[in-house]
Each structure stands twice: as C-alpha cells, then as structure tokens.
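Novice: These are the residues of each chain, in order.
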Amino acid sequence: GAGVSQSPSNKVTEKGKDVELRCDPISGHTALYWYRQRLGQGLEFLIYFQGNSAPDKSGLPSDRFSAERTGESVSTLTIQRTQQEDSAVYLCASSTGTSAETQYFGPGTRLLVL
Amino acid sequence: AQTVTQSQPEMSVQEAETVTLSCTYDTSESDYYLFWYKQPPSRQMILVIRQEAYKQQNATENRFSVNFQKAAKSFSLKISDSQLGDAAMYFCAYRRGLSGSARQLTFGSGTQLTVLP
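Heads up: the sequence lines are chains A and B, in that order.
Under the working numbering, think of the first position of the first sequence as 2, with each following residue one higher.
Under the working numbering, think of the first position of the second sequence as 5, with each following residue one higher.
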C-alpha cells in the first residue's frame, strides 16, 4: 500500500512568515509523529498523536510551533513567525500505535528560512 | 532520559567487504526496542533492522545483522557483502516498550557510510 506522504517537498520562506507542513500517514495507522532534522544531525522528536488521545507536545521547541491531526488521518505542522534556526528537514512518521510498533517515515519537507 | 551515541561520524568500506557500525545507548528501562535506519540522499528514512530487548537472539535481515549486548548497552550493525547501494547515513534509534507511554524514537547523530568500488 501507499507509504507516508508529505507536502511540500521543499519550502522556502522569509523570516517572520508562517508555514504549514502536511503529513498523510499510512492508512489505518493510529499513531503519528513529527521530527525535525537539522543539517548533519540526527532526528529530534517534536510531537506525537495517538488516536483520540491528547497529543504529546513535549518536544516542541517553542510556542511558535503547533500541530493538529484530523482523526486518524492528515496532520499539519505549523510554524509561526519563522526564524532562520527553523531551517531543517521536517519528517513525519506513522505507526500502528502498539507497543511493538515500527515507525515508517515520509520523505520529509525541507524548510529554508531566509 | 535515554541517550543514543554513535561514535563514528564517518566510515568507509570496500565493495563486497564487511563493515560494522557502532551504537551505544543509556537507559534505565528493561523493556525497549532498538532500530537501525538508513537515510540515503533522498532523505527517506528506511528501516534496516529492529531488535526487541527481551530477545537474546540477534536480529538478522539478509546481509544485515546486529550484535546486541544488553548488559553493555551496545547495539552494533554489521553489513556483509557491502554494495554500492548501501552508501547512506545510518542512524541508531531507541524506543521505550511500555504500552501507554510515549513511544517516540531517540536517535543517535548518525554514521555516514561510504562504499568504495
């Protein structure tokens, strides 16, 4: 079946603008994760959705970052008043939400803030 | 907090040879999972292999195998018969296994593998 998809693939924006990144998880996956990957580094956890439970927002770096998920489908990550340090690849992953789950990743959105 | 350390920023291997990538982790949990992901230039994170901490037997997937040393908190990846397509950044990752708790992955900083023809 189809994997995790993300859009846009690349986004260039000006400092101070808001951006919205989209993630479509694998159908039937109840859990969805957002990660950030700065250049040459590993992935940092941002936020986690599991079914209808309240999201785990413990990884969000500031209140400029927020995310929503509609049921068990699409999720959007919004960054308000972007800063140059927000430049990174933003990766989304989905999983079955069980204790033995494996996370499957999308291709990411590369964000460049000028 | 859990940490994952990859002490080899770069490694190289000759095509058809074997290479081992190192990973150590720190946790106080007894139930957890370990993963190796591969990230080629396309950015797509691809699962290579996973290991359940409660299993003593080392996981294998074709040319990929792990050496899981639970007491030493070590989880190395061995790639046999290396191929040009194996060239990528490899990330070691840890996840708690308890149900009901947050299950985000904690990643190491990665090892860039070059395969020489």
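Certain hints may be false.
As the list claims (entries may be wrong) - Using 20 angstroms as the maximum straight-line C-alpha spacing, the simulated SDA-like pairs for lysine to any residue come out as follows:
#1 Lys59(B) <-> Thr103(A)
#2 Lys59(B) <-> Ala101(A)
#3 Lys59(B) <-> Glu45(A)
#4 Lys58(A) <-> Gln6(B)
#5 Lys82(B) <-> Ser32(B)
#6 Lys74(B) <-> Ala101(A)
#7 Lys12(A) <-> Arg47(B)
#8 Lys16(A) <-> Thr99(A)
#9 Lys58(A) <-> Arg100(B)
#10 Lys12(A) <-> Gln6(B)
#11 Lys59(B) <-> Asn11(A)
#12 Lys58(A) <-> Ser46(B)
#13 Lys12(A) <-> Ser46(B)
#14 Lys12(A) <-> Lys59(B)
#15 Lys59(B) <-> Thr99(A)
Hints were generated in silico from the structure; no laboratory data involved.
Novice: Indicate, hint by hint, whether the structure satisfies it.
Specialist: How the hints compare with the structure:
1. Taking the CA atoms of lysine 59(B) and threonine 103(A), the gap is near 16 angstroms; set against the 20 angstroms cutoff, the hint holds.
2. As the CA atoms of lysine 59(B) and alanine 101(A) are separated by approximately 13 angstroms, the hinted pair is consistent with the 20 angstroms bound.
3. For the hint pairing lysine 59(B) with glutamate 45(A), the CA-to-CA distance comes to about 27 angstroms; that exceeds 20 angstroms, so the pair is violated.
4. Using a Cα cut-off of 20 angstroms, the hinted pair lysine 58(A) and glutamine 6(B) holds, with the two alpha carbons roughly 18 angstroms apart.
5. A hinted pair counts as satisfied when its Cα atoms are at most 20 angstroms apart, and lysine 82(B) with serine 32(B) does not qualify at roughly 26 angstroms.
6. Distance check on the hinted pair: lysine 74(B) and alanine 101(A) sit about 18 angstroms apart at the alpha-carbon level, within 20 angstroms; holds.
7. As the CA atoms of lysine 12(A) and arginine 47(B) are separated by approximately 15 angstroms, the hinted pair is consistent with the 20 angstroms bound.
8. The hinted pair formed by lysine 16(A) and threonine 99(A) fails the criterion: a straight-line CA distance of about 39 angstroms is larger than 20 angstroms.
9. A hinted pair counts as satisfied when its Cα atoms are at most 20 angstroms apart, and lysine 58(A) with arginine 100(B) qualifies at roughly 17 angstroms.
10. Taking the CA atoms of lysine 12(A) and glutamine 6(B), the gap is near 32 angstroms; set against the 20 angstroms cutoff, the hint is violated.
11. Between lysine 59(B) and asparagine 11(A) the alpha-carbon distance is near 41 angstroms, which puts this suggested pair outside the 20 angstroms criterion.
12. Between lysine 58(A) and serine 46(B) the alpha-carbon distance is near 28 angstroms, which puts this suggested pair outside the 20 angstroms criterion.
13. Between the alpha carbons of lysine 12(A) and serine 46(B) the distance comes to roughly 16 angstroms, so the proposed pair stays at or under 20 angstroms and holds.
14. At most 20 angstroms may separate the alpha-carbon atoms for a hinted pair to count; lysine 12(A) and lysine 59(B) exceed this at roughly 43 angstroms.
15. For the proposed pair lysine 59(B) and threonine 99(A), the alpha carbon gap of about 18 angstroms is at most 20 angstroms, so the pair holds.
Hint compliance for this structure: hints 3, 5, 8, 10, 11, 12 and 14 are broken, all remaining hints hold.
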